[in-house]
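Trainee: All chains should be built: construct the whole structure from the sequences, respecting the hints.
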Amino acid sequence: DAGITQSPRYKITETGRQVTLMCHQTWSHSYMFWYRQDLGHGLRLIYYSAAADITDKGEVPDGYVVSRSKTENFPLTLESATRSQTSVYFCASSAFRTNEKLFFGSGTQLSVL
Amino acid sequence: DAKTTQPPSMDCAEGRAANLPCNHSTISGNEYVYWYRQIHSQGPQYIIHGLKNNETNEMASLIITEDRKSSTLILPHATLRDTAVYYCIVRVEPGGSYIPTFGRGTSLIVHP
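Chains as they are written, first to last, in the numbering used here: chain A, 1 to 113; chain B, 1 to 112.
Any given hint might turn out to be false.
What the hints assert, rightly or not - Among the chain B residues that face chain A by a calculated CB cut under 10 angstroms, a handful are:
(1) GLN38
(2) SER41
(3) PRO44
(4) GLN45
(5) TYR46
(6) HIS49
(7) VAL85
(8) ILE99
(9) PHE102
(10) ARG104
Hints were generated in silico from the structure; no laboratory data involved. Virtual Cβ for every residue (Gly too), placed ideally from N, Cα, C.
Mentor: Dropping the structure here:
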């Protein structure tokens, strides 16, 4: 579904560098989420946001920073990338109403060398 | 949190029904069961959800037991394109926030 887009699709960086992954949705959904996916771990929640300027930690937030100044954007920043942050990152959004389904982006494959 | 338990893998013959079980024995009365699937390297895709009653849509059917402690996703006529990882989740809502938590899911392989 083209309503939620992630960029870049692929990223290679070096240890210690700052990296920002972008997520943009066009539905004005209140909720946005960042997950990482590694072999053997399924999808793990990093951070989420219930609305603009409201963010909270998920299961694995260490080493990541998020912001949400506008409803439609939810960037994820790795302030000093480490090799353990090599992963596939998925952004998702959902409406505020209870029991609304999630819509996922296509993912960003990040390699930290 | 209402945790879910799914078998790590299953297989199914093409054209047959695929029945994917999920255990959610600690589910609360107002928590819904959701199913998503993830085809290789793509973002997960919503399939279906339900509270108490059985549900059906164009993709699948969802059967929830009367005590709501388990559910089954049914793909009535599985095709090769249904090969994917299937996730069963329940809505977690501490403090009013909506936090969907995924486990490792079930890897379904549909074979010819």
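Trainee: Hint by hint, note whether the structure agrees.
Mentor: Here is how each hint holds up against the structure:
1. GLN38: With a closest approach of 8 angstroms, the GLN38(B) hint holds.
2. SER41: For SER41(B), the interface hint holds, since the closest Cβ of chain A sits about 7 angstroms away, which is under 10 angstroms.
3. PRO44: Holds - the Cβ of PRO44(B) comes within 10 angstroms of chain A, reaching about 5 angstroms at its closest.
4. GLN45: 7 angstroms, holds
5. TYR46: 4 angstroms, holds
6. HIS49: Hint on HIS49(B): holds, closest Cβ of chain A at ~7 angstroms, below 10 angstroms.
7. VAL85: Hint holds; VAL85(B) Cβ to chain A Cβ min 8 angstroms, cut 10 angstroms.
8. ILE99: OK, holds: ILE99(B) within 10 angstroms of chain A, min 6 angstroms.
9. PHE102: 4 angstroms, holds
10. ARG104: 4 angstroms, holds
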